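Those protein sequences? They're chains C and A, same order as listed.
So the first sequence is numbered by full-length UniProt numbering: it starts at 1 and just counts up by one.
So the second sequence is numbered by full-length UniProt numbering: it starts at 1 and just counts up by one.
None of these hints come from the bench; they were simulated from the model.
From a predicted model like this one, the values you see are computed outputs, not experimental measurements.
All C-beta atoms in this analysis are idealised placements derived from N, C-alpha and C, irrespective of residue type, glycine included.
Where hints are given, some of them may not hold.
[Stated by the list, open to error] With the C-beta cut set under 8 Å, the calculated list includes, among others, these residues of chain A facing chain C:
| # | residue |
| --- | --- |
| 1 | H35 |
| 2 | G199 |
| 3 | H218 |
| 4 | S220 |
| 5 | P326 |
| 6 | Q435 |
Protein chains: 2
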Amino acid sequence: MTSLNPSQSASGTPTASTALFTDRYELTMLQAALHSGTAFRSSVFEVFARRLPEGRRYGVVGGTGRLLAGLADFRFGDAELGFLAEQQVVNQQTLDFLADFSFTGNIYGYAEGEAYFPNSPILVVEGSFAEACILETYVLSILNHDSAIASAASRMTSAAGDRPCIEMGSRRTHEESAVSAARAAIIAGFASTSNLEAGRRFGVPTVGTAAHSFTLLHDSERAAFQAQIAAQGPGTTLLVDTYDVPAAVQTAVELAGPELGAVRLDSGDLVVQARQVRAQLDALGNLNTRIVVTSDLDEFAIAALAAAPVDAYGVGTSVATGSGAPTAGMVYKLVSRSGDDGEFVSVAKASKNKASVGGRKYALRRRSAAGVAQAEVIGIGHRPEDDGDDRPLMQDFVVDGLLQPGWTGPEAVLRAARRHQESTAELPASWRQLQRGEPVIPTEYEAPKG
Amino acid sequence: MTSLNPSQSASGTPTASTALFTDRYELTMLQAALHSGTAFRSSVFEVFARRLPEGRRYGVVGGTGRLLAGLADFRFGDAELGFLAEQQVVNQQTLDFLADFSFTGNIYGYAEGEAYFPNSPILVVEGSFAEACILETYVLSILNHDSAIASAASRMTSAAGDRPCIEMGSRRTHEESAVSAARAAIIAGFASTSNLEAGRRFGVPTVGTAAHSFTLLHDSERAAFQAQIAAQGPGTTLLVDTYDVPAAVQTAVELAGPELGAVRLDSGDLVVQARQVRAQLDALGNLNTRIVVTSDLDEFAIAALAAAPVDAYGVGTSVATGSGAPTAGMVYKLVSRSGDDGEFVSVAKASKNKASVGGRKYALRRRSAAGVAQAEVIGIGHRPEDDGDDRPLMQDFVVDGLLQPGWTGPEAVLRAARRHQESTAELPASWRQLQRGEPVIPTEYEAPKG
């Protein structure tokens with residue numbers, strides 16, 4: 001167990017403090033609550049998504065490890081306090097509270113990599129209103145982004161089957177999102193990423209060889225291939241669509257010989273071209289030279305290539321932007337809090353089309369005797385009963401302000417990737433269907449027990 | 001002018017080095033080019049978008065200021081070199097080059113905030129292949145993200161007319177994207193943001209008062225409003241849709257009196273509710289109390305509220321995720337490079353559906369005598385002639401490795417916001433149409449001059 005202390009941060013991010021990744025109203029609410037004497041009421045906040053993106057059948061939790069690591073850096077130092085004072089965001093009483101802030105409560109929820117469904121209580125944050133309220137924006141930013149990527153990436157690796165997917169979307173998204181997107185894609189089954197910072201920060205495998213510009217830099221495609229093979233060896237991947245694909249494949253095999261690692265196709269009709277190139281490679285004796293395709297792929301394009309002789313998929317824009325759903329739509333809602341008497345009261349807003357369900361939540365995945373998931377069961381105020389085949393979903397991440405071991409750092413990425421594999425494997429077979437439909441299992445509430 | 005030297009960084013970002021926000025292949029290409037002796041061929045790379053997002057009529061350049069500031073931090077220090085060596089990403093010759101790297105070439109292009117169109121040469125990077133190649137991923141990440149946000153935000157402020165838009169999408173996107181999104185939204189005419197880090201880093205105005213959780217924390221809505229007014233004064237904005245809107249408005253006016261600043265509606269049918277609340281406020285004598293609406297707004301919802309008595313729009317998910325187009329789809333292509341004889345040669349790939357146009361580009365906006373934009377004119381290898389009414393578009397950002405003044409920092413945000421206003425004002429009136437259509441002006445090439 002690690003104290004949430006910045007000197008022991010395992011976030012690996014270069015950010016000194018994460019505390020201002022926050023909406024201003026979190027701090028003005030804190031000030032008003034300090035003023036009214038309600039700031040230290042015990043509170044339970046819950047992160048959930050009211051629905052999955054249109055037609056999706058499941059979601060995948062991403063970002064928990066980054067969030068837990070970054071919490072240690074959620075501290076208000078001189079720079080942060082100076083800004084808040086200078087801009088008169090909050091008063092001195094509030095600044096004093098923030099100067100001493102560190103989270104002392106509990107955080108529990110779904111393990112990273114776990115499948116989730118509408119209203120799954122993905123994360124529960126318990127503490128005083130003051131300490132739990134101000135985490136809202138930061139918690140949601142990370143979970144909404146990383147879960148959107150993991151959820152999209154999971155559909156791609158599912159469609160790809162045993163063929164590896166390579167994440168290469170960095171150039172299509174914010175430079176820091178790119179690093180987190182690579183991490184989330186790996187959790188959802190991608191084999192590697194092009195992003196070097198992700199390799200450094202999270203220990204994930206990185207790959208890459210050359211772009212069209214490298215071919216254009218040289219006086220001929222032949223000269224470019226020669227240069228690349230000389231520098232990277234014949235096992236490299238040569239990009240063969242700059243001018244004429246069959247001519248390039250011919251040149252590539254002539255220069256690299258039977259050890260040519262792979263050729264990459266980045267344009268045109270990939271199904272047709274992959275077949276032609278496979279036939280050409282085989283005719284030239286390059287039976288072991290692989291074919292990598294990379295042109296604006298998404299889960300549907302990957303599925304359409306299932307019968308084509310393709311060995312790996314490079315995915316860019318689509319994975320880095322969540323394949324049509326760039327945010328997971330999770331919210332952070334107060335569901336229970338104590339009153340002046342110290343007793344907890346369930347609370348919920350009644351807003352039209354945004355009503356919430358009050359009460360502290362627990363969840364388990366109901367499974368058949370054969371181990372197939374049947375329902376997401378959410379107990380309000382109690383843990384739903386496990387009939388022996390079921391799987392409780394709530395994990396302890398932070399207990400009394402102490403970060404529990406195993407949830408952060410590079411090893412947590414590996415663990416989350418295994419969790420993703422196991423969690424999807426137990427879903428009904430329809431989880432792999434890409435067409436629009438309902439969630440593969442229903443969400444069921446168990447009312448509070450007498 | 002500022003040398004691109006990290007000790008003089010104006011980026012304001014907490015990132016020590018930006019150099020690993022890079023695809024691995026940029027560095028393996030560099031290695032192969034160093035090996036083949038082509039690494040120091042003079043090269044011209046161009047950033048452009050082949051098309052605007054489906055149905056959009058113009059785009060808005062965002063991110064240039066962040067990019068130019070971050071370039072100073074694009075350096076390979078011991079930490080970066082150690083990672084590359086340990087992972088055997090590149091060889092010692094390449095590491096030696098990277099250790100000494102700083103960009104010494106030229107960067108010119110469209111000013112931040114400028115409108116752009118298909119194939120507009122948004123940024124041109126001139127230098128050796130080595131130094132220009134390795135910037136690709138970083139340049140595209142920033143421009144693709146920030147331009148996507150600025151382009152979406154511009155449609156929202158256009159639809160909002162004189163009513164202010166407030167950016168509040170931080171929780172729906174990556175925590176660092178959120179900061180950049182706030183900046184891009186301000187450039188495209190947003191009045192303020194909820195994001196505190198954006199306030200600190202870029203000097204943009206921040207706003208915020210309270211969420212539903214604040215109401216739920218208290219024993220009654222009345223107690224919550226009392227607490228908020230006591231802490232923030234009667235000029236605050238009270239959120240009135242937690243339980244029953246008319247009752248909340250009644251309570252709000254009772255407690256805050258005629259000085260009540262605003263009420264916020266976050267759910268339900270906003271057109272109907274805004275009318276009811278306006279009537280109620282007026283009947284209570286609160287003629288100056290404003291109405292802020294914030295429920296999943298996008299440019300279409302804002303337009304639909306034009307006739308409703310709304311005073312400000314809070315926009316979240318839609319602006320932070322680019323309103324259906326989360327990336328601008330810009331690419332970074334080698335368009336010209338020198339040969340062994342030192343002479344420049346235009347280059348372009350012939351890939352199916354991804355062909356590019358070779359040659360160094362210059363651009364101007366052709367305008368009528370009345371000052372209305374008529375065409376985006378791109379000269380290949382020469383500057384198109386200005387007939388007196390036209391406006392040249394290429395600005396010098398970096399000259400011989402020296403950052404030119406005025407393009408970075410908080411003042412650049414203000415300048416870009418003014419540029420956005422001026423640039424859109426000269427477009428044909430159809431630029432404000434939200435329905436799908438063609439770009440409001442055509443892109444025309446002028447061939448190389450004999």
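Going through the hints against the structure:
1. H35: holds, 4 Å
2. G199: holds, 6 Å
3. H218: holds, 6 Å
4. S220: violated, 11 Å
5. P326: This hint holds: P326 of chain A lies near chain C, its Cβ roughly 4 Å from the closest one there, short of 8 Å.
6. Q435: The hint is violated - Q435 of chain A has no Cβ within 8 Å of chain C, the shortest such distance being about 21 Å.
Checked against the numbered hints listed earlier, the structure breaks hints 4 and 6; every other hint is satisfied.
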